[in-house]
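Novice: Each residue of the sequence shown is one higher than the one before, counting from 185 in the numbering used here.
Think of the hints as simulated: they come from the structure by calculation, not from any bench. Be careful, since some hints might not be right.
Label-pair restraints from in silico Cβ distances [to be verified]:
| # | residue 1 | residue 2 | range |
| --- | --- | --- | --- |
| 1 | N605 | R688 | 32 to 38 Å |
| 2 | R357 | T326 | 54 to 60 Å |
| 3 | V512 | L630 | 28 to 34 Å |
| 4 | D514 | F439 | 22 to 28 Å |
| 5 | R580 | T378 | 40 to 46 Å |
| 6 | L352 | P192 | 50 to 56 Å |
| 7 | Q560 | E394 | 41 to 47 Å |
| 8 | A362 | L562 | 24 to 30 Å |
| 9 | V512 | P759 | 36 to 42 Å |
| 10 | T707 | D514 | 45 to 51 Å |
| 11 | Q560 | T378 | 40 to 46 Å |
| 12 | S498 | E526 | 31 to 37 Å |
Glycine is no exception: its CB is placed at the ideal position from the N, C-alpha and C atoms.
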Amino acid sequence: MDTADFDPAAFADYLHRHETKGLLRFLTCGSVDDGKSTLIGRLLYDTKLLFEDQLATLQKDSAKHGTVGEDIDFALLVDGLEAEREQGITIDVAYRFFATEKRKFIVADTPGHEQYTRNMATGASNADLAVILIDARKGVLTQTRRHAYIASLLGIRHVILAVNKIDLAGYSRDVFDAIVADFRAFAGELNFETLQPIPLSARFGDNVTERGENLGWYDGPTLLQHLETVEVAKDESARPFRMPVQWVNRPNLDFRGYCGTIASGRIAVGEQVAVAVSGRTSAVKRIVTYDGDRPSAGAGEAVTLVLADETDVSRGDILAAAFARPDVADQFAAHVIWMHDEPLMPGRAYLFKIGTRTVAGSVTEIKHQIDVNTFQHLAAKALPLNGVAQVNLSFREPVAFDPYEAIPGTGSFIVIDRLSNLTVGAGTIDFALRRATNIHWQSIDLTKTMRGEAMGQRPAVVWFTGLSGAGKSTIANLVEKRLFAMGKHTYLLDGDNVRHGLNRDLGFTEADRVENIRRVGETAKLFVDAGVIVLCSFISPFRSERRMARELMEPGEFVEVFVDTPLHVAEKRDPKGLYKKARAGAIKNFTGIDSPYEAPENPEIRLAAGTTSPEELADAVVEHLRSHGYLK
């Protein structure tokens, strides 16, 4: 370009127009092989956003990995993983940025395979619009319905129904109309504000950016036209101010700032804010950003707030508008999408991350599982991979929140497995459960320590775990007899005995085993509060439930005893004939045969059973209790 022709003012105007363009975040979703990656590739190609070296690489990759003969395989622009190219599928979420004269776009290409539904939910969580693709030859499939339901659940209110591969259906209007009617009948309950059906061929470009010659019967917008014009703006500034605190910035004695991204609303210097859980208030003294101090800031901006008063604020707290505060509760009704091969079990302890705060808790009840095809409510004791359910949650401590429908940033959460730290689920909070607002802890003058000292002991739970036939009950019984002879106050909870009363309604499925241990743990805690040494003899096969029982107690009150008997020894003993029945298929979900046993990793006591007499093993347990101060 000749520098003499350069107009600084025009160039500045161009940059300003580009910077102030609206941004649309959308995702493509649907079932396997509906053409999601191809559609995005075609969009990038037709909008002339590919460099020459990218085109050359694409042509080379199409010859090697392509599935469309000698034509360019546009899916390869998005499917970057080698495994994706080899299988011709999308595995991970791929994000791409592009822009036109009217708008900027961030598009998420999400997987269609059922096993990667969790990745689709990830992409949907930040999208304003969903492009749901349907193969014209196959129509509406289960995965199409599942993705549409998840999009609705996560707050997406604008949908493009892209009936792709219409060329393979002879560009038939009847096929298109039938698919649209089928989808509308299903989607009527999903609360979509806009639903724009578009027939297209991603491979040949029909109705992607330009109209197709073979689709003269269609008079609606092309895909790009609708993406450029659809109104999806949310007035976040009209919502109450919320900012989850991500970090407390304390570089020196003269500065204390609270860093985070504003989830909703606006805040200005001088306005009053409250720490949501504690209720303490202060005024905003400064709003600090990377570019300097600001008089105000709004949703989506990362800022550091300096308050006028010394206020106790920590990571995980929520700063909120003082006169429009979020709710605070520890029990909720919520929707959960499960993302792990191991099912969700009510009563099992998980970590829940809501905003920047992580708390321990559990699903106390699965109200119902939702059939994504019919919206029918199904009874369920556990939630499998890709299952969606309405549940009740209980957290160990109160958290500040807003219903997801009101403010997604403070009404959504992820579920984390406590052992592996894997994200195993995601959910949205519907409302708080107020059933316990009139229940308070009653102050009692006599403590468990005082009761224990009067008995000459330190109260504790001694938890015997091991396979059926390992000798747990035998050893526990001997330990109790020895403690009784020493004048100690004990009680023995045995796995078989509690199933005759407290847990008589429970079977032996994984969900029932979890609930069995939860009830026993709560019962044992009451004995500890009474100053008693309680002996618990339970197979308790899962580490997570034993950890749940441990965490009900205070530090030092839980003594795990692993009765380490090899399976072949326990099976040879078989005192009740249970292994024989399990091997014959007469007993299902039997630990060690068709249900797993997760051995303790760091028990306080490990007993090498099978090689030492029960009396000697019992003596070892008593000696441990004596040497660690439980027996005075």
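Novice: Now tell me if each hint is right for this structure.
Specialist: Against the structure, the hints come out as follows:
1. N605 <-> R688: 32 to 38 Å: With Cβ atoms ~36 Å apart, the hint holds.
2. R357 <-> T326: 54 to 60 Å: Hint violated: Cβ distance 26 Å, outside 54 to 60 Å.
3. V512 <-> L630: 28 to 34 Å: holds (31 Å)
4. D514 <-> F439: 22 to 28 Å: violated (34 Å)
5. R580 <-> T378: 40 to 46 Å: holds (42 Å)
6. L352 <-> P192: 50 to 56 Å: Once the Cβ atoms are compared, 52 Å apart, the range 50 to 56 Å for P192 and L352 holds.
7. Q560 <-> E394: 41 to 47 Å: Given range 41 to 47 Å: holds, Cβ gap about 42 Å.
8. A362 <-> L562: 24 to 30 Å: Between A362 and L562, where Cβ atoms are some 28 Å apart, the hint holds.
9. V512 <-> P759: 36 to 42 Å: This hint is violated: roughly 52 Å between Cβ atoms.
10. T707 <-> D514: 45 to 51 Å: Hint violated: Cβ distance 22 Å, outside 45 to 51 Å.
11. Q560 <-> T378: 40 to 46 Å: At roughly 27 Å between Cβ atoms, T378 and Q560 fall outside 40 to 46 Å, so the hint is violated.
12. S498 <-> E526: 31 to 37 Å: Distance hint for S498, E526 holds at roughly 32 Å.
Hint compliance for this structure: hints 2, 4, 9, 10 and 11 are not met, and every other hint is.
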